[in-house]
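Student: Sequence:
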Amino acid sequence: MMWLGRWLWVVCVCLVSVANGVRVDDASESGEDNELQPYRTAFHFQPPKNWINGPMYFNGVYHLFYQYNPYGPLWGNITWGHSISHDLINWQLLEPTLEPNQPYDINGCLSGSTTILDGSKPIILYTGQDVNNSQVQNIAFPTNLSDPLLKNWIKWSGNPFLTPTNDIKPAQFRDPSTAWKGVDGKWRMVIGSEIDGHGTALLYRSPDGINWTRAEKPLHFSSKTGMWECPDFYPVGSGEKRGFDTSVQGNNTLHVLKASYNNREYYVIGNYDAKTDIFGVVGNDFMVSYTMSQYDYGRLYASKSFYDNAKQRRVLWGWVNEGDSESDSVKKGWSGLQSFPRSVWLSETGKQLVQWPVDEIEKLRTNQVNITKQEIKGGTVLEIPSITASQADIEVSFSLSNLNEAEVINSEIVDPQLLCVQKNASVSGSFGPFGLLVLASNNFTERTAVFFRVFKGPNKFLVLMCSDQSRSSIAQEVDKSIYGAFLDLDPRNNIPLRSLIDHSIVESFGGGGLICMTARVYPKLATNGEAKLYVFNNGTQTVSISNLNAWSMNMAKILPLP
1 MMWLGRWLWV
11 VCVCLVSVAN
21 GVRVDDASES
31 GEDNELQPYR
41 TAFHFQPPKN
51 WINGPMYFNG
61 VYHLFYQYNP
71 YGPLWGNITW
81 GHSISHDLIN
91 WQLLEPTLEP
101 NQPYDINGCL
111 SGSTTILDGS
121 KPIILYTGQD
131 VNNSQVQNIA
141 FPTNLSDPLL
151 KNWIKWSGNP
161 FLTPTNDIKP
171 AQFRDPSTAW
181 KGVDGKWRMV
191 IGSEIDGHGT
201 ALLYRSPDGI
211 NWTRAEKPLH
221 FSSKTGMWEC
231 PDFYPVGSGE
241 KRGFDTSVQG
251 NNTLHVLKAS
261 YNNREYYVIG
271 NYDAKTDIFG
281 VVGNDFMVSY
291 TMSQYDYGRL
301 YASKSFYDNA
311 KQRRVLWGWV
321 NEGDSESDSV
331 KKGWSGLQSF
341 PRSVWLSETG
351 KQLVQWPVDE
361 IEKLRTNQVN
371 ITKQEIKGGT
381 VLEIPSITAS
391 QADIEVSFSL
401 SNLNEAEVIN
411 SEIVDPQLLC
421 VQKNASVSGS
431 FGPFGLLVLA
441 SNNFTERTAV
451 FFRVFKGPNK
461 FLVLMCSDQS
471 RSSIAQEVDK
481 SIYGAFLDLD
491 PRNNIPLRSL
501 IDHSIVESFG
511 GGGLICMTAR
521 VYPKLATNGE
531 AKLYVFNNGT
541 QTVSISNLNA
551 WSMNMAKILP
561 LP
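Residue numbers for the sequence shown follow the working numbering, beginning at 1 and rising by one.
To be clear, the hints were calculated from the coordinates, so they are not data collected in a lab. Even glycine gets a Cβ: it sits at the ideal position worked out from N, Cα and C. Accuracy of the hints is not assured; some may be wrong.
Below, computed lysine to aspartate or glutamate pairings styled on DMTMM-like, alpha-carbon distance capped at 25 Å [as the list claims (entries may be wrong)]:
#  : residue 1 : residue 2
1  : Lys524    : Asp324
2  : Lys241    : Asp488
3  : Lys377    : Asp490
4  : Lys456    : Glu405
5  : Lys377    : Glu407
6  : Lys363    : Asp87
7  : Lys217    : Glu194
8  : Lys524    : Glu326
9  : Lys224    : Asp196
10 : Lys217    : Asp184
11 : Lys331    : Asp196
12 : Lys217    : Asp273
13 : Lys480    : Glu375
14 : Lys224    : Glu194
15 : Lys351    : Glu240
16 : Lys275    : Asp184
17 : Lys373    : Asp324
18 : Lys351    : Asp245
Ranges between beta-carbon positions, derived for each pair [what the hints assert, rightly or not]:
#  : residue 1 : residue 2 : range
19 : Ser157    : Glu395    : 46 to 54 Å
20 : Ile278    : Gly158    : 55 to 63 Å
21 : Pro148    : Gly185    : 25 to 33 Å
Given the sequences, and given the hints that come with them, work out the whole structure.
Tutor: Pasting the structure below:
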């Protein structure tokens with residue numbers, strides 16, 4: 001993709017969980033003093049320095065492979081870093097797994113995935129940028145299957161195993177997915193591309209996971225998008241939270257196809273015929289309306305999911321890039337981080353996905369504050385006391401009454417992000433804006449607002465969720481975007497919101513995870529102990545806190561190279 005005027009390739013997440021893990025014990029914190037590094041996170045994964053983007057996960061303990069520049073905080077010299085964890089919270093850094101040292105990847109070991117073949121044989125499928133800057137597909141194998149840490153990998157002598165054909169542009173052929181096994185015993189995978197101006201998930205088949213041939217038809221494509229990156233394809237169960245292995249097919253499963261496009265994570269849900277490899281979308285296809293489903297309506301990209309068989313769940317990671325300048329990254333000495341891992345499942349309606357931070361996060365909670373049944377009148381704020389507001393987890397549920405007083409929207413065909421920009425946190429309405437002010441300074445000169453508004457449409461009430469960074473910092477050259485999406489719930493019931501606050505990242509989950517928004521913010525005043533956390537109501541109608549729980553968060557551990 002093209003981002004900020006320079007080429008940026010992103011690695012996709014492909015994670016697989018296998019039994020017989022090795023415990024990684026907690027140890028001392030890594031990274032610089034937070035007083036000197038106020039934007040460095042405490043419980044999101046990032047290496048101690050330099051550039052990072054997309055992750056992968058592999059084998060037993062949690063293995064995280066990620067694109068990494070070992071020589072600086074900007075894009076370049078792309079290798080695959082490697083870290084391991086027992087709990088998705090605390091990490092041990094290991095030596096890089098793949099380095100750009102062959103003709104087929106000399107200009108970068110780019111994105112890829114992992115698959116466990118028959119006989120518990122793991123492989124890495126990855127995109128290399130060759131001597132001609134063409135994107136080609138390669139394979140790597142672990143050198144020692146008895147090593148539970150999988151520290152050493154060797155590239156296949158037959159690389160590259162796929163190169164662009166005449167209908168594929170050399171720079172539009174990347175990001176092999178996790179492979180799945182069909183009913184005929186053959187493996188399948190998809191690779192992101194653009195054919196005749198259409199975003200495409202090219203389908204490939206293999207008898208052994210090594211030798212691949214392209215199918216006559218792609219798994220799916222869209223005439224309304226360009227190049228697809230980091231495609232992901234996996235099954236979800238109807239009406240249940242548990243996850244499924246990527247190869248599971250059946251009458252009670254639907255499939256999710258995700259494509260990274262234009263800095264967004266779009267997905268569709270549909271029926272997959274494992275015999276014919278035909279995928280049929282249920283509902284809206286890619287980019288047909290403003291309500292097109294996204295994993296995250298904020299600053300999250302290049303995600304991929306994995307099946308964690310130890311806990312029977314599907315977990316999603318995403319890359320969260322910086323919103324400040326390149327010169328700021330050079331000063332910090334690092335750039336980019338991972339979202340907190342999220343469990344993913346199909347909603348009760350079957351129309352969208354639900355995402356929620358994995359339960360392991362609860363081990364970091366401390367200093368709980370609880371508030372119940374408290375009214376918040378229009379034009380007021382309520383400070384949440386005794387919380388380390390720069391490093392916190394907060395869950396709050398709001399209840400409303402007299403909804404007939406809600407503002408009227410004459411048409412349901414409206415862009416929710418534009419509506420959030422027009423009606424930002426400073427613009428008073430009837431029901432809303434109400435929600436949280438996070439990373440706020442004492443006088444509110446700086447604050448990031450995560451909030452709701454309720455409107456009355458022609459046939460139903462509409463709940464708008466916004467993440468407003470327009471006043472997040474007095475600094476000038478940082479991103480101050482406003483994100484927005486409609487939340488598919490009835491406001492006559494409670495409206496829940498959860499936010500993870502970690503110095504320079506705010507991940508928010510509306511409606512129990514029906515809508516997610518990730519923001520990067522760079523306050524100058526509201527850092528570390530100077531940051532405040534508030535519940536606010538800038539509407540004219542009173543809203544009530546049904547229940548609120550907030551916690552300070554302990555710091556995760558990242559051990560340096562042994």
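Student: Can you confirm whether the C-alpha distance between Lys363 and Asp87 stays at or below 25 Å?
Tutor: holds (10 Å)
Student: Given the hinted pair Lys456 and Glu405, is their alpha-carbon gap at most 25 Å?
Tutor: Given pair Lys456, Glu405 holds - Cα atoms ~9 Å apart, limit 25 Å.
Student: Please verify whether Lys373 and Asp324 have alpha carbons no more than 25 Å apart.
Tutor: Violated: Lys373 and Asp324 sit about 39 Å apart, past 25 Å.
Student: Using the beta carbons of Ile278 and Gly158, state whether their distance is inside 55 to 63 Å or not.
Tutor: violated (31 Å)
Student: Quick check on a hinted range of 46 to 54 Å for Ser157 and Glu395, using CB atoms only.
Tutor: holds (53 Å)
Student: Taken at face value, is the distance from the CA of Asp196 to the CA of Lys331 at most 25 Å?
Tutor: This hinted pair is violated, its Cα atoms lying about 42 Å apart.
Student: Are the Cα atoms of Lys224 and Glu194 separated by 25 Å or less?
Tutor: OK: Lys224 and Glu194 at ~11 Å, within 25 Å.
Student: Are the Cα atoms of Lys377 and Asp490 separated by 25 Å or less?
Tutor: holds (21 Å)
Student: Take a quick look at whether Lys377 and Glu407 sit within 25 Å of each other, Cα to Cα.
Tutor: holds (17 Å)
Student: Does Asp273 lie within 25 Å of Lys217 when you go C-alpha to C-alpha?
Tutor: holds (14 Å)
Student: Decide if the proposed pair is consistent with the structure: Lys224 and Asp196, CA atoms, cutoff 25 Å inclusive.
Tutor: Satisfied, since the Cα-Cα distance of roughly 12 Å is no more than 25 Å.
Student: If I claimed the Cβ atoms of Pro148 and Gly185 lie 25 to 33 Å apart, would that claim hold in this structure?
Tutor: Since Pro148 and Gly185 have Cβ atoms about 29 Å apart, the given range 25 to 33 Å holds.
Checked against the numbered hints listed earlier, the structure breaks hints 11, 13, 17, 20; every other hint is satisfied.
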